[in-house]
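**Q** Here is what each chain is made of, one letter per residue.
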Amino acid sequence: MRNLISANFNRLFKSRLFWILAAATLIYSAWATYDGAKKLVADAEHYFSAVSERFCFDHGPVVLMILPVFISLYLGTEFSDGTMRNKITVGNRRGKIYLADFLAAAGGSLVICAAWHIGAMSALPVLGVWKIGIAGWLLSVIKSMLFCAAFSAVLCLVSHIVTNKAAVAIIEIMLALAMILAGSLLYNLLMEPETVSSGVEIIADDDGNTVMKPLSPHPNADYIAEPGRTACKRVLNALPSGQAILLANIADSDDEQLDMQAYSFCASACIIAACTALGAAAFGRKDLK
Amino acid sequence: MEYVLTANSLYKDYGKFRALAGLSIKVPKGAIYGLVGKNGAGKTTLIRIICGLQNPTLGDYTLYGVEHRSSKISKARRRMGAVVETPSVYLDMSASENLKQQYRVLGLPSFDGIDEILKLVGLEGTGRKKAKNFSLGMRQRLGIAIALCGSPDFLVLDEPVNGLDPQGIVEIRELILKLNREKNITVLISSHILDELSKLATHYGFIDGGKTVKEISAEELEAACRKCMRIEVTDTPALARVLDKMNAEYKILSETEADVYAKINITALTNALSAENCELISAAEKDESLESYYISLIGK
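If you're matching them up, the sequences are chains F and L in order.
Under my numbering, the first sequence has 157 at position 157, and the numbering climbs by one with no breaks.
Under my numbering, the second sequence has 16 at position 16, and the numbering climbs by one with no breaks.
Calculated directly from the structure, the hints in this document are not laboratory data.
Some hints could be false.
[What the hints assert, rightly or not] Straight-line Cα separation of at most 30 Å, DSBU-like style, residue types lysine-lysine; simulated pairs:
id: 1; chain 1: F; residue 1: Lys-289; chain 2: L; residue 2: Lys-132
id: 2; chain 1: F; residue 1: Lys-96; chain 2: L; residue 2: Lys-132
id: 3; chain 1: L; residue 1: Lys-38; chain 2: F; residue 2: Lys-286
id: 4; chain 1: L; residue 1: Lys-132; chain 2: F; residue 2: Lys-14
id: 5; chain 1: L; residue 1: Lys-75; chain 2: F; residue 2: Lys-286
id: 6; chain 1: F; residue 1: Lys-165; chain 2: L; residue 2: Lys-227
id: 7; chain 1: L; residue 1: Lys-227; chain 2: L; residue 2: Lys-132
id: 8; chain 1: L; residue 1: Lys-211; chain 2: F; residue 2: Lys-289
id: 9; chain 1: L; residue 1: Lys-16; chain 2: L; residue 2: Lys-26
id: 10; chain 1: F; residue 1: Lys-14; chain 2: L; residue 2: Lys-129
id: 11; chain 1: L; residue 1: Lys-130; chain 2: F; residue 2: Lys-14
id: 12; chain 1: L; residue 1: Lys-214; chain 2: L; residue 2: Lys-227
id: 13; chain 1: L; residue 1: Lys-286; chain 2: F; residue 2: Lys-289
id: 14; chain 1: L; residue 1: Lys-100; chain 2: F; residue 2: Lys-289
Turn these sequences into a full structure, and let the hints guide you.
**A** Now the structure itself:
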């Protein structure tokens, strides 16, 4: 097992694609975060409400789009070049091969995730340290690392079931898009207020002047009531993409706390365990060419 | 006789398609075992099963006496190397990096021996050139080099000369012979090029429709592939009478053709045929090859 992990990480650190993606993440994160923070500071109206975390965790969904590119090409090479055969022929058990592959894929994903956070520190000189404090920031970083690892587990599973490199790249990118879309939809639904005011009515006051009077609020048809609300919150906090979206909106104060930190941690751990067990079992039975 | 590999009634189904239908072979230690069969006969499926890439639907096989369902099969597999279909190499790595990667997979403590393997397969001068820039022959040799990491004593090669130029074919043949003779490596090799296989193999396994048709040693094959003379005459019954008188073994093929399995004097034969009012039209020596033996065996 140690041999396989060593071989995988050696190949990972020699992979040009991996370093290009990590560097691209770092540069994009640094530029986008700094640019966003600078624009906000320039806009004096919002300046006093600006905090670093508003930008630091903004790019989680972008990282989730980079991971399928990295994992599909990194793991896909084993099947397209046929080198997976070299591991199996010499007697390595498939379960161990799968686990070593997941560890390398997750390791690479964490480096990319770290590149995101390092780049995001470019907001600090403009907006100062995070209002959530170092501990809060660290907790958020750990959360992001966990959802990246969880998403890597999902991608690793797909990469070992669909062994065509081109097909797996397309499937994994589409999967990431679908997950981000699902996460966004859920988040937007949950952010719907319970009641809405449909506008104002213009009336004449006692002096005969026209005044605008807000209409009394009425129930919002898009609001998800219980028990569906709790279920949606759980799904949002379990999905890696949902966690990324919640993290991106960490600075948005909301009366209702959507974020379920401990639950998210457990959900990521469960996704990793379930996908790894399922993937190892499926890969163990798969006929390879 | 000690066998490196024995397969007993192997079956492999892909959905409704049966690729192997009770295939059995025995590969003796130290042999170069040639697996002969047409496309779809089940050669590659057998090799994939032996290499652990696929599981048989039914039946079993043993490697060095270890049954394939046993937990000890992993240890037995350590003693084998394989090139299945295309060479399994990282295209963005050099020859030496590819071997180092396989050394890591095997958990070998040092990279000693890599230069020796590269020299053995004739890739010692490739330096930092990446495998994607190698010719097909070089990739094939690199695939064999990777299979040789960890000093295996059983090498499985699936169509190793497919797509190679004549020079490449000769180089691979010499390499296989060298490995077998100098390092005493048992080789299981499948090939379509029967003439090429006949220059290597010490044992043959003929398979068709997923079954073993015949297993035979090179000596037995040589004895079976007798030399004969193909004779064309105007009247084969007259030829039969003459050959009977000469006590020669023969086989009538048509009204005008026959194969004679004996060394006969052409002048004496011509005179005897003349006395029977039969003309000798042509006579040619015919050497039955592995190819003709295969065709006669498979019957297609």
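**Q** Against each hint, give a clear statement of whether it holds in the structure.
**A** Hint check:
A threshold of 30 Å between alpha carbons decides the hint, and for Lys-289/F with Lys-132/L the separation of about 21 Å falls inside it, so the pair holds. Distance restraint check for Lys-96/F and Lys-132/L: the Cα-Cα separation of roughly 28 Å lies within the 30 Å cut-off, and the hinted pair is therefore satisfied. Between Lys-38/L and Lys-286/F the alpha-carbon distance is near 26 Å, which keeps this suggested pair within the 30 Å criterion. With a CA separation close to 16 Å, the supplied pair Lys-132/L and Lys-14/F stays within the 30 Å bound.
Pair hint Lys-75/L plus Lys-286/F holds up; C-alpha atoms about 21 Å apart against a cutoff of 30 Å. Restraint check for Lys-165/F and Lys-227/L: the C-alpha separation of about 53 Å exceeds 30 Å, so the hint is violated. The straight-line distance between the Cα atoms of Lys-227/L and Lys-132/L is roughly 47 Å, outside the 30 Å bound, and the hint therefore fails. Distance hint between Lys-211/L and Lys-289/F is fulfilled; the C-alpha atoms sit about 21 Å from each other, no more than 30 Å.
With a CA separation close to 28 Å, the supplied pair Lys-16/L and Lys-26/L stays within the 30 Å bound. Between the alpha carbons of Lys-14/F and Lys-129/L the distance comes to roughly 15 Å, so the proposed pair stays at or under 30 Å and holds. Annotation: proposed proximity of Lys-130/L to Lys-14/F holds, straight-line Cα distance about 13 Å (limit 30 Å). The straight-line distance between the Cα atoms of Lys-214/L and Lys-227/L is roughly 21 Å, inside the 30 Å bound, and the hint therefore holds.
With a C-alpha separation of about 41 Å, the suggested pairing of Lys-286/L with Lys-289/F is violated against the 30 Å cut-off. Proposed proximity of Lys-100/L and Lys-289/F is supported: the alpha carbons are some 24 Å apart, at most 30 Å.
The structure fails hints 6, 7 and 13 (numbered hints given earlier, in ascending order).
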